[in-house]
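*Asks:* Sequence:
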Amino acid sequence: MNPSALFLNSPLILSDFYSQQTGANVWLKMDALQPSGSFKARGMGHACARYYQQGARRFIASSGGNAGLAVAYAGAQLGAEVLVIVPRTTKARAIDLIERQGAQVEVHGENWNQAHEYALSLVDEHSAYLHPFDDPLIWEGHASLIDEVVAAGLAPDTVVLSVGGGGLLRGIALGLERNGLLGTQIIAAETRGAASLAAAKSAGKRVSIDGIESIASSLGARQIAQAAFEVAQRPTTHSCVVSDTQAVQGCKTLLDEHRVLTEPACGASIAALSQSSEIALGSNVLVVVCGGVGMSVQGLMAL
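Heads up: the sequence shown begins at 1 in the numbering used here, then just goes up one per residue.
Keep in mind the hints are simulated off the structure, nothing from the lab. Heads up, some of the hints might be wrong.
Subject to a maximum C-alpha distance of 20 angstroms in a straight line, what follows is the list of computed EDC-like cross-link-like pairs (lysine to aspartate or glutamate) [stated by the list, open to error]:
id : residue 1 : residue 2
1  : K205      : E230
2  : K252      : E278
3  : K201      : D134
4  : K201      : E278
5  : K205      : D96
6  : K205      : E177
7  : K252      : D16
8  : K91       : E213
9  : K91       : E106
DEER-style ranges, computed between Cβ atoms [to be verified]:
id : residue 1 : residue 2 : range
10 : A302      : E125      : 42 to 52 angstroms
11 : Q21       : E117      : 41 to 51 angstroms
12 : D210      : S243      : 12 to 22 angstroms
13 : Q54       : D256      : 37 to 47 angstroms
14 : L154      : E278      : 11 to 21 angstroms
15 : D256      : E125      : 42 to 52 angstroms
16 : G204      : D124      : 11 to 21 angstroms
17 : V123      : R100      : 23 to 33 angstroms
18 : L14       : D124      : 41 to 51 angstroms
19 : V107      : Q21       : 34 to 44 angstroms
20 : V123      : K91       : 20 to 30 angstroms
21 : S274      : V297      : 40 to 50 angstroms
22 : A302      : D96       : 31 to 41 angstroms
Glycine included, C-beta positions come from ideal geometry on N, C-alpha and C.
Please build the complete structure, drawing on both the sequences and the hints.
*Replies:* Below is the structure:
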């Protein structure tokens with residue numbers, strides 16, 4: 001199966017609302033509409049297809065969030081067995097969504113690091129491990145988003161995206177590079193309490209933040225990937241840290257204006273449109289609406 005068959009060429013929409021709000025031409029890449037509910041369908045779909053072509057018939061993942069669900073979806077489409085190891089903190093809804101795709105879920109450990117180490121111990125010659133964000137095959141899949149945007153005739157001056165572990169950041173940078181858009185700037189949005197990229201930029205090296213104290217749990221990587229840090233160090237990459245309240249308001253505004261429900265992790269990039277000073281009047285701004293299945297309408301309205 002062609003890897004691109006496991007994810008959609010998602011809609012690219014010019015937002016009148018956000019364009020009027022910022023004075024720029026704001027385009028929304030609606031990856032919230034991917035089959036698994038988030039941009040993770042790109043990276044995980046691409047990686048799973050490649051590993052399947054190499055002979056893997058069992059996929060092992062260690063994310064109870066959007067990455068685990070994307071692996072479960074890809075495995076179901078390929079006819080491969082999927083085992084997702086999740087920590088005890090994983091919500092019942094997330095486990096249910098993964099199991100609906102036919103994947104097996106095993107609870108192990110108190111946090112992602114423990115689930116990750118256990119998952120690695122289960123890998124054999126017939127299986128492949130899918131890291132949530134730190135794998136060149138995953139970055140290659142995420143880069144397809146920029147390929148689609150360029151094919152649609154848009155050369156963005158700025159890309160706004162949310163950053164957790166940095167897989168999307170590295171993939172978008174790769175997509176810009178291979179399409180000759182080396183001058184395009186990236187605004188990397190995080191929430192306070194989950195700002196591992198901002199901490200790394202400030203320190204000039206990768207650092208581990210003490211813990212995750214943010215409602216945007218999908219941004220909850222205590223340390224960004226090395227490849228993402230290298231992108232973060234470029235002069236064209238800018239950090240934008242927003243509050244949980246601003247991220248939630250970003251979700252609500254997106255739901256009101258474009259009828260799309262997302263997690264606060266995605267709302268951070270929407271909030272960055274009004275919080276970043278790097279958006280120029282009249283420029284073409286691409287926002288990656290990365291999605292996420294960890295939020296319901298009822299849950300969002302309660303925040």
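*Asks:* For each hint, tell me whether it holds in the structure or not.
*Replies:* Going down the list of hints, with the structure as the test:
no. : hint                            : verdict
1   : K205 x E230                     : 9 angstroms, holds
2   : K252 x E278                     : 23 angstroms, violated
3   : K201 x D134                     : 19 angstroms, holds
4   : K201 x E278                     : 17 angstroms, holds
5   : K205 x D96                      : 38 angstroms, violated
6   : K205 x E177                     : 23 angstroms, violated
7   : K252 x D16                      : 17 angstroms, holds
8   : K91 x E213                      : 17 angstroms, holds
9   : K91 x E106                      : 13 angstroms, holds
10  : A302 x E125: 42 to 52 angstroms : 47 angstroms, holds
11  : Q21 x E117: 41 to 51 angstroms  : 44 angstroms, holds
12  : D210 x S243: 12 to 22 angstroms : 18 angstroms, holds
13  : Q54 x D256: 37 to 47 angstroms  : 45 angstroms, holds
14  : L154 x E278: 11 to 21 angstroms : 18 angstroms, holds
15  : D256 x E125: 42 to 52 angstroms : 51 angstroms, holds
16  : G204 x D124: 11 to 21 angstroms : 40 angstroms, violated
17  : V123 x R100: 23 to 33 angstroms : 24 angstroms, holds
18  : L14 x D124: 41 to 51 angstroms  : 48 angstroms, holds
19  : V107 x Q21: 34 to 44 angstroms  : 43 angstroms, holds
20  : V123 x K91: 20 to 30 angstroms  : 26 angstroms, holds
21  : S274 x V297: 40 to 50 angstroms : 23 angstroms, violated
22  : A302 x D96: 31 to 41 angstroms  : 20 angstroms, violated
Checked against the numbered hints given earlier, this structure breaks hints 2, 5, 6, 16, 21, 22; the rest are met.
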